[in-house]
Every structure is written in structure tokens, then in C-alpha cells.
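For reference, the chains in residue letters:
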Amino acid sequence: DQQVKQNSPSLSVQEGRISILNCDYTNSMFDYFLWYKKYPAEGPTFLISISSIKDKNEDGRFTVFLNKSAKHLSLHIVPSQPGDSAVYFCAASADTNAGKSTFGDGTTLTVKP
Amino acid sequence: DVKVTQSSRYLVKRTGEKVFLECVQDMDHENMFWYRQDPGLGLRLIYFSYDVKMKEKGDIPEGYSVSREKKERFSLILESASTNQTSMYLCASSLFGTGGYGGYTFGSGTRLTVV
Chain A
1 DQQVKQNSPS
11 LSVQEGRISI
21 LNCDYTNSMF
31 DYFLWYKKYP
41 AEGPTFLISI
51 SSIKDKNEDG
61 RFTVFLNKSA
71 KHLSLHIVPS
81 QPGDSAVYFC
91 AASADTNAGK
101 STFGDGTTLT
111 VKP
Chain B
1 DVKVTQSSRY
11 LVKRTGEKVF
21 LECVQDMDHE
31 NMFWYRQDPG
41 LGLRLIYFSY
51 DVKMKEKGDI
61 PEGYSVSREK
71 KERFSLILES
81 ASTNQTSMYL
91 CASSLFGTGG
101 YGGYTFGSGT
111 RLTVV
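Those protein sequence lines, which keep their order, are chains A and B. When we follow the working numbering, the leftmost residue of the first sequence carries the number 1, and every step to the right adds one. When we follow the working numbering, the leftmost residue of the second sequence carries the number 1, and every step to the right adds one.
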């Protein structure tokens, strides 16, 4: 039973346009959500997070939206840049799991110049 | 600059060998984790640890064990390597209890091939 799902394995967008990456979860105990970015041959790096008490968090070009009723979150990148091309992982954690995050499968974003 | 260092970037081992993957962090983090990354399966948690000598099974612990003798070091052990353990192994650490606030810091990964 996959508790965190990223249904789009890949996404291609033009430089300057918006990239929207989506993530769905099933466990209602999750109360903290994160996005990581991974370049080839490197470990993932933390990008942005959101607590379940919020519905939006913004950091520069990156905004994460959380819809708790739909158990859905999304990452918006505006404007997209070629350097944003990477694999993006959605992750979720719950206090009861005390330190453990559950990850999605990842979405490969390609930003074309 | 804080770091999680994995001792090897690439390893090739034979079936049946005992394999040690080492991970060291310099951030005084309490929590450490071992994940494996496989195409189409994302990151799956193998084991994690909250403190020295403490360990908890993750989602796929079979065939693995861990050791945490010192706070900064978390080792993953493949007791008898098999070809289905060929994968990218990622070590991570975090300071806060949920592993959420501020996210994990990951190492660069160890690409293990079992032949």
C-alpha cells in the first residue's frame, strides 16, 4: 500500500513557464509534507515544506499548496529554469512516526530552454 | 557546510558476501536513516535510528541489519548480499524528531551492484 503517490513520472515544460508537480497521500495521520530535489549522482536535497495547519508556503520561485480534504499537495515553480531539471520527491511524515518520512516515487522535471 | 558522508560512491560485490555501507554525519543529529532508491519505486526506508545503539525497522528491513555505536556513524549491513539488493543506497540524518522540520540531509549515495 503506497501511502504517498506521485502519479506523473515525468513532466516537461518550457523555460519561463510554470511547473506544477503533484502528490497524493492516503494516510490522514501525516501532518508534515516536504519536497526534495535530486540531481543525478547526488543525494536528494530538501527544497520546501508545509505543515498541515497551513495551506500554502512560499519560498522564492517555489510554492507548495496543501489541500487536506483532498489529501493532495502540489509544488509550483515559477518561472521554471533549465537548472530546475531534476527528479522531485514528495515526502510526508507524522508525529507518531517520530522521524520517519514516507516518499513518493518521484517526478522527473525537464525544463527546456 | 553540514555534511552526510557515505564512504563509497560505487561498490561491486559478489553474491553471498557480507557488505558494510558506512555513513557519517557531522551535524550532531540524533536521527539517522537508510533508504534505497530503485526506478519506479522511489525511496524506501530500510532502517532508522533515534540514538546511539537504538534502531528501528523501516518498510523493507529483510536482508539488512544496522549498527549505531557512535552518534555520528550509522552503518548498513547486508548479511549475505543478493542480486536483488543491487540499488542506490542513501543515508540521511535529521535533527528534529519528526524528520520533517527542515527536512533530512542526505549523503550522495552508494551505488551497489551485486553480481
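Derived from the structure by calculation, the hints contain no laboratory data. Every residue gets a Cβ at the ideal spot worked out from N, C-alpha and C, and that includes glycine. Treat the hints loosely; a few may be bogus.
Covered by chain B, according to a simulated footprint, are these stretches of chain A (three or more residues, beta-carbon under 8 Å) [said to hold, decoys possible]:
#1 38-46
#2 78-84
Here are the simulated SDA-like cross-link-like pairs (lysine to any residue), alpha carbons at most 20 Å apart as the crow flies [what the hints assert, rightly or not]:
#3 100/A - 65/B
#4 57/B - 27/B
#5 100/A - 58/B
#6 37/A - 111/B
#7 57/B - 76/A
#8 3/B - 40/A
#9 37/A - 40/B
#10 100/A - 67/B
#11 100/A - 29/B
#12 54/A - 28/B
#13 100/A - 53/B
#14 55/B - 94/A
#15 100/A - 12/B
#16 100/A - 27/A
#17 37/A - 41/B
#18 5/A - 40/B
#19 100/A - 30/B
#20 100/A - 27/B
#21 100/A - 72/B
#22 5/A - 78/B
#23 3/B - 46/A
#24 37/A - 28/B
#25 100/A - 28/B
#26 18/B - 50/B
#27 5/A - 71/B
#28 100/A - 60/B
#29 3/B - 47/A
#30 70/B - 41/B
#31 100/A - 59/B
#32 100/A - 56/B
#33 57/B - 3/A
#34 3/B - 3/A
#35 100/A - 41/B
#36 100/A - 18/B
#37 5/A - 38/B
#38 57/B - 94/A
Of the hints stated earlier, which fail here?
Hints 2, 4, 7, 12, 15, 22, 24, 26, 27, 30, 34 and 36 contradicted; others consistent.
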